[in-house]
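Protein chains: 2
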Amino acid sequence: MEKNMRLILIGFGVVGQGFAEILRDKAAQLTQEQGFSAQIIGVVTASKGTLYRPEGLDIDALLGAAESGSFASYPEQKGLKRDLSADAMIEGRAADALVEVSPTDLDTAEPALSFCHLALENGMHLVLANKGPVALDYASLNAKATEYNLQMRYEATVMAGTPVISLAGDALAGCEIRSARGILNGTTNYILTQMEGGMSYSEALAQAQALGFAESDPSGDVEGWDAAAKVLILCQSLFGRPMRMDDLDVSGISAIDSADIAEAQSAGERYKLIAQAAPDGGEVRARRIPLSDPLASVGGATNAITLETDLLGAVTLIGAGAGKLATGSAILTDLLAISSSQ
Amino acid sequence: MEKNMRLILIGFGVVGQGFAEILRDKAAQLTQEQGFSAQIIGVVTASKGTLYRPEGLDIDALLGAAESGSFASYPEQKGLKRDLSADAMIEGRAADALVEVSPTDLDTAEPALSFCHLALENGMHLVLANKGPVALDYASLNAKATEYNLQMRYEATVMAGTPVISLAGDALAGCEIRSARGILNGTTNYILTQMEGGMSYSEALAQAQALGFAESDPSGDVEGWDAAAKVLILCQSLFGRPMRMDDLDVSGISAIDSADIAEAQSAGERYKLIAQAAPDGGEVRARRIPLSDPLASVGGATNAITLETDLLGAVTLIGAGAGKLATGSAILTDLLAISSSQ
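Here the protein sequences line up with chains B and H, keeping their order.
By numbering that gives the first Met the number 0, the letter at position 134 of the first sequence is numbered 133, and the numbering carries on one by one without gaps.
By numbering that gives the first Met the number 0, the letter at position 113 of the second sequence is numbered 112, and the numbering carries on one by one without gaps.
These are calculated hints, taken from the structure and not from any lab test.
Misleading hints may appear alongside valid ones.
What the hints assert, rightly or not - Cβ-Cβ distance ranges computed for the label pairs, FRET-style: (1) H:L290 with B:A266: 12 to 22 Å; (2) B:E202 with H:P289: 22 to 32 Å; (3) B:Q31 with H:P102: 35 to 45 Å; (4) B:E32 with H:E214: 37 to 47 Å; (5) H:E307 with B:E32: 11 to 21 Å; (6) H:A27 with B:A87: 43 to 53 Å; (7) H:R284 with B:D106: 53 to 63 Å.
Keep in mind that this is a model prediction, so the values were computed, not measured.
C-beta: ideal position from N, C-alpha, C; glycine also.
Sequences are here, hints too, so could you generate the full structure?
Listed below in structure tokens is the structure:
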């Protein structure tokens, strides 16, 4: 039995485009092997415009238009609407899921948060790569999803496609997770790794920016706020505790200099920006850890997390923490999970 | 809505007892948090006897009787039968799932394999910690499970409770797994780690036996056959290819001596018994790997696996590879997955 999911995407940047490419390239395989198909019927962006067509948009044309910088270059198609608002699209109730891939805002999570609530109220499942709504309003979104018998999935928000949310929630369902501790920000781990190789902080940061890991304003990464948002998501997802950014103890790596790195190295240790989540709180802090710690060998932009469990002891997961296809793959995995539970 | 699963256990050694303890200790929590409950209604063993009671056996009494070495000391209860055969129990159709935790036989997988087929034919789901039936007859069991709309789950057969099967099959559903490469036998990894610390092979083996990691006949571990059985399971589960032990290239660690270990160390490398699975075959072989390989830092009885994927690159999972509660927890996770999909 084939299940076709109709999707509205909010945002169409790197992650949204990566997901669309995957959907296009894997379409035949997904239909054949998993009985799954999906259509993008709407896309809403802040800068490129808006497209809506209940019969499905053409992914190649969508990617071409995105590359040109404006959806104005998307070709005319029967039934196409170019100026529908996100609210009107969602309230049209033609889609099965809202895919939120717009940029994260950690102050208000808007406008994504309002779209998420509206989508649930209109019978749509939620899949997010945008951390804001999950970090700031998990409890209320989760309650609403449960009330409407819908799913909210957000694998892509922590460690990109490396599936820590599914590992903790499904694959370790027979265990209780006691705490989580990891390297959740690739940019800072890349900078620290380069500094161990002899670069200064500013050289390493400039290289991370040149490679596209770090934003032109890198403060969200280097001051720890990106990792902190992921800690909030883990605290709520793993331990069911409502938490706010103010509840966390957050610092970054900008105060670490080459002398600190050298001192750690001579002591047989390594600086890592360690994120911790536990039932009673969380923190993000640069720490010196011994080389024997599984997290010490995680270099470059890679992410890693160790979950402490009651029955299994420590379980460590290591993988990509960023990337167009890596993050896009998590959105597909979430949609497959929703589809297979229908 | 509470779901009660009725279980027949084949085998009641370390893993079966560990699972029973978990079921007893987590009963209230599982009912409250996941709406799940389970009863053991039958236990079949080769040496302790057999117990069957459709209304459920008492777990404390069962564990006490097992400790005494014979189910003869299990107290009299209304409806209790002490001499029912496994076939008769299964054909009674009172159970929802067969839990196969008897010792692994890699030549014929019997008698477990016949019980598994009979269970599927009688409408029971399968959960296995016994590697034999999955390694030797995956394709036929899987086809029968699909035919009868039942599930066969076997998380405990590879890396004990560390959930590589679920990671590969569910949590990475949006990716294609290209290959798997790991440390899948804890006994040999423990011996190699101790040899790096200065022990001889025979001292390290004796210590592994004293600690209960290695059997009195250690050949299944040290010659690579235990890891090879896991490679067979991964080849079939991840890549859907029927494989036989003859198709694999298998060797162990018994030919490695202290001089080999020292030579690897002086070259900045480490010996590990590396198991590999790919769509076109598999192998188990002691290999020298560089310290920068994530598998190099996995010491003692710990297991680890790296999955190469199309969209996410390498994903590595590290965790316990043995243990009473670690393995028992995987059986519970499998049962929870079956229950939640009903």
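Hints, one by one, checked against the model:
About 19 Å separates the C-beta atoms of L290 (chain H) and A266 (chain B), a value consistent with the hinted range of 12 to 22 Å. Checking the proposed 22 to 32 Å range against E202 (chain B) and P289 (chain H) shows it holds: the Cβ atoms sit about 27 Å from each other. For Q31 (chain B) and P102 (chain H), the Cβ-Cβ distance of about 39 Å falls inside the hinted range of 35 to 45 Å, so the restraint holds. A beta carbon spacing of about 40 Å between E32 (chain B) and E214 (chain H) agrees with the range 37 to 47 Å that was offered as a hint.
Taking 11 to 21 Å as the suggested C-beta distance range, the pair E307 (chain H) and E32 (chain B) conforms, at roughly 19 Å. Checking the proposed 43 to 53 Å range against A27 (chain H) and A87 (chain B) shows it holds: the Cβ atoms sit about 49 Å from each other. Look at R284 (chain H) against D106 (chain B): about 54 Å separates their beta carbons, and that is inside 53 to 63 Å.
In this structure, every one of the numbered hints holds.
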